[in-house]
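Using the sequences and the hints, build the whole thing.
Sequences listed follow chains F and V, in order.
To convert, note that position 11 of the first sequence is 10 in numbering that gives the first Met the number 0; the numbers rise steadily by one, no gaps.
To convert, note that position 128 of the second sequence is 127 in numbering that gives the first Met the number 0; the numbers rise steadily by one, no gaps.
It is possible that part of the hints are untrue.
[Unchecked claim] Here are the simulated lysine-lysine pairs, DSBU-like style, with alpha carbons at most 35 Å apart:
#1 F/Lys203 / V/Lys22
#2 F/Lys73 / V/Lys74
#3 F/Lys150 / V/Lys90
[Unchecked claim] Beta-carbon label-pair distances, calculated as ranges:
#4 V/Gly175 / F/Glu85: 36 to 44 Å
#5 V/Val27 / F/Val40: 17 to 25 Å
#6 V/Leu161 / F/Glu85: 18 to 26 Å
It is worth saying that the hints were derived from the structure and are not from the lab.
These numbers come from a predicted model, not from an experiment.
Here a beta-carbon is modelled for each residue, glycine too, at the ideal position from N, C-alpha and C.
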Amino acid sequence: MSEHISEQYDQPIYVILYQKYKAYIVSCVILLICAALVYYVILPQYDDLQQTWAKEQVLRSKNKILADNVVLLKSLQDTSLDSKLETVTLALPAEKDYAGVLVGVPNTAAIARTAIGDFSFVVGDLNTTQKSKTEGVDADENNISVDLLLKGSEDATKLFLQTLSKVFPLAAADNLSLGSVDNVSLKTKFYAKLLPKFAYDDEKPLQPLTAKENALLEQLALWQNQNPDRNAVPAAPPAATPTVALVSPTVQVTPVISATPSGALVR
Amino acid sequence: MSEKINLLARRKKNVAQQSKSEKTFKLVSLVCLVLVVGTALSLYILKVTSALPSLQTQEKQLLGQLQTLYPKTIKLLIIKNRLAAIGTILKNRPDLVKTIDIIQQKKPQSIVTSSFEVSSTDVTFTATSTSLAAVDQYLNALVAIANEKKAFRSADLQNLSLDPKTGTYSFSLDIGLL
Numbered sequence: 000m001s002e003h004i005s006e007q008y009d010q011p012i013y014v015i016l017y018q019k020y021k022a023y024i025v026s027c028v029i030l031l032i033c034a035a036l037v038y039y040v041i042l043p044q045y046d047d048l049q050q051t052w053a054k055e056q057v058l059r060s061k062n063k064i065l066a067d068n069v070v071l072l073k074s075l076q077d078t079s080l081d082s083k084l085e086t087v088t089l090a091l092p093a094e095k096d097y098a099g100v101l102v103g104v105p106n107t108a109a110i111a112r113t114a115i116g117d118f119s120f121v122v123g124d125l126n127t128t129q130k131s132k133t134e135g136v137d138a139d140e141n142n143i144s145v146d147l148l149l150k151g152s153e154d155a156t157k158l159f160l161q162t163l164s165k166v167f168p169l170a171a172a173d174n175l176s177l178g179s180v181d182n183v184s185l186k187t188k189f190y191a192k193l194l195p196k197f198a199y200d201d202e203k204p205l206q207p208l209t210a211k212e213n214a215l216l217e218q219l220a221l222w223q224n225q226n227p228d229r230n231a232v233p234a235a236p237p238a239a240t241p242t243v244a245l246v247s248p249t250v251q252v253t254p255v256i257s258a259t260p261s262g263a264l265v266r
Numbered sequence: 000m001s002e003k004i005n006l007l008a009r010r011k012k013n014v015a016q017q018s019k020s021e022k023t024f025k026l027v028s029l030v031c032l033v034l035v036v037g038t039a040l041s042l043y044i045l046k047v048t049s050a051l052p053s054l055q056t057q058e059k060q061l062l063g064q065l066q067t068l069y070p071k072t073i074k075l076l077i078i079k080n081r082l083a084a085i086g087t088i089l090k091n092r093p094d095l096v097k098t099i100d101i102i103q104q105k106k107p108q109s110i111v112t113s114s115f116e117v118s119s120t121d122v123t124f125t126a127t128s129t130s131l132a133a134v135d136q137y138l139n140a141l142v143a144i145a146n147e148k149k150a151f152r153s154a155d156l157q158n159l160s161l162d163p164k165t166g167t168y169s170f171s172l173d174i175g176l177l
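This is the structure:
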């Protein structure tokens, strides 16, 4: 008995302690492994899973937008879209539409039964697509200003103005000066506006044309039908053939171009 | 007294207590291990069964479809851009006919307009008449419109004169538009 005790206590202290607390040590090791697993496996995995869920949510909403966009675009008829595009670009071209002005002014005068004298306008820089945005707030505007001299009654002048408001490209009379002998001097502006750079974002839903936009399109289509076909022979104005002076500071265009009643330009 | 003397009995009790706490400790650690492993497995299964890959495939398909529909997208964007700009132009462009109509509607027949200038901001005109009453009536009518602040901002009489030889009254008016 004493030998046995002596043998037992002759062992190193850590062996003795191990034998005594063996069960606790194993449990502690298991708990430490658990803690390590939680720290090194479960927490990163949980983070990862949360990120995956967040990505799923984002992707779900993005896919919904994409699917909606696809449905919307598929519902649009190519021909209808082309016709609408033609209408709006004729109404408000991106570049200076001097041909539209040359056709529109005599035709308006013919409808209003007013005689127009010589008219001139400055075309300016024809390379407007490269225009810098730093040129000013309205740098994207490409308007053509046209000074007109009309001969007609007050009613004819009003009819001219009313017709001019429906002409393509869209125009506005800025200033009207009426003399005593039915001579009307008119400053008009034919609108043009550069197209912005379209940054198409997949994550933004495309909006269909609203009722208001469709109503405006219908109104424009109505006006478009009243506008002369540019390829057809324009109605001859009561006045003689107008002389149109094109002045372009950057592009070498022959300064004086005459427009014949058939719409052909003669240099 | 016997408890204090009988060391064996006391040791047995201690061993029993120790064995109970050992068992509890072991049980706790095993439960922890099972929980941890179970959680790790659950998380792994959740990750493996995630819908992300299928959503990514769906996204690719939709983007491919949109690629073919890209011309339509651009057309739609241009139409919307042009319509917005046209709407602004139509809303803001001056309506000279309306302005002329407002001014001419109130004009008595005996008044003759000799010059008339309309811009987007104001109207300046000169008129003549042999009747002072007609001039007064016309000016009052225009002042009333200006007071309503619906069409005109102001109406300033610039000049009023009489030619004694012909008995003609001449006046100039400057009307500020809204």
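Hints numbered earlier in the text: which of these fail when held up against the supplied structure? Checked against the structure, the hints that fail are numbers 1 and 6, while the rest are satisfied.
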